[in-house]
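J.: If you read the protein sequences in the order shown, they are chains R and H.
So for the first sequence, my numbering puts the first residue at 1; every next one is plus one.
So for the second sequence, my numbering puts the first residue at 1; every next one is plus one.
Hint data in this document are derived by calculation from the structure and do not stem from the laboratory.
Where hints are given, some of them may not hold.
[Unchecked claim] Listed next, the stretches of chain H that the computed footprint assigns to chain R, with coverage defined by at least 3 CB atoms under 8 Å from CB atoms of chain R:
1. 2-15
2. 20-29
3. 43-53
4. 103-116
Source: prediction; values computed, not measured.
By construction, the Cβ of each residue, glycine as well, lies at the ideal position given by its N, Cα and C atoms.
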Amino acid sequence: MKCPYCHGEVPAQSITCPFCGRENPEGIAFQQEVQKKIQRNKLLKPFLMKQQTPELISRMMSRIIFILIVVNVVAYGFVFLLAVFTTRKEVREPEKDSFAQRYISEWKDLDYHYFNTYYRELKDQVEMLDRGEMPDEIEIRNLVNGAHRALEESEGEEIHETIYLYEVAFFRGFLGLTEEESLFLEPDEDGEYGVMFSDDERITVAVEAIQDTYREEWECETDS
Amino acid sequence: MKLIVKAIIIYFGLAFTAFSILLAIFGVTSVAEDERDKQLPSRLKSIEYSASRNDYTWLAEYMEIDMDYEEEFEPYWERAIMHEAMLRYRIFEAASDAGLGEEFDEEAEKYEELLWEYCEEPVYERNVPYGEYFMELSGYQTED
């Protein structure tokens with residue numbers, strides 16, 4: 001715009017003319033308008049804030065919820081993929097005629113859950129005796145209970161007979177129990193093994209007899 | 001009301017997200033550990049430890065579970081067979097000596113043969129002392 005006094009070029013927002021230094025009425029009017037609006041906004045600010053805040057908070061919360069959903073989806077997707085890829089088990093086979101193959105095919109002839117439990121207990125106790133340690137009553141009781149359970153749970157006559165053979169060999173042969181002391185290896189009058197609790201008399205008799213055997217062996221070894 | 005609902009969602013959402021992140025971190029660390037345990041040196045170390053403690057109860061089972069069928073594990077498989085032969089021979093020999101029956105005599109004979117087969121001259125040099133020890137436990141002496 002032009003200065004009404006010197007006709008020099010004056011910026012519209014300037015309150016004085018940069019050439020003659022006189023007041024620029026349009027610039028003054030503009031600045032007054034600006035000041036008015038600033039004042040009005042200052043007055044309106046608390047009211048506007050009060051009115052707009054819930055809306056702003058709500059919007060911010062929606063964004064947070066969205067971010068949380070995205071993070072969870074990514075985390076669970078990652079865990080899922082991890083589970084899928086890691087549960088794929090690598091399968092290896094023993095080589096033909098290797099000792100591993102021989103052990104698995106020839107020495108696991110009685111691979112049944114209850115027999116395995118009993119057999120582990122048996123191995124443990126023989127190893128303990130070889131080391132010159134004496135198994136305690138609970139370990140002996142577990143062995144006897146395990147032996148009875150293996151017979152009780154064995155399915156099929158052939159398997160039952162094999163388990164019976166192993167158990168008779170161990171209890172009557174290796175440990176030297178008499179028939180009376182190893183009654184827990186025999187079925188009851190109905191031909192059933194049934195449930196036998198650890199306080200059953202047959203179990204107690206066997207446990208005491210085994211303890212005596214171990215004690216004798218242990219004393220013999222200590223003496224020698 | 002809407003804000004309260006959102007606040008509750010955020011509160012539980014944050015807790016749930018923290019749980020998810022922990023789950024993901026735990027998953028990664030456990031997978032890394034599993035991968036490390038599956039490596040041959042790690043498996044071998046674990047079996048060597050069991051064998052060094054003469055823990056034959058679990059030795060073969062651990063090897064079978066981990067599918068330790070590589071060449072490096074063969075001496076331990078041989079030793080597991082030697083131990084099994086010794087154990088079964090001792091059990092059935094005792095039963096045979098106690099005169100429990102012919103079937104026990106046959107089993108004792110079978111395991112005696114296997115005991116000699118595996119323990120007298122083990123394939124792996126490091127199993128020779130174990131062969132001698134197992135023979136000794138069975139009541140035999142191997143030739144030097």
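J.: Which hint numbers does the structure go against, in order from smallest to largest?
T.: Number 3 only.
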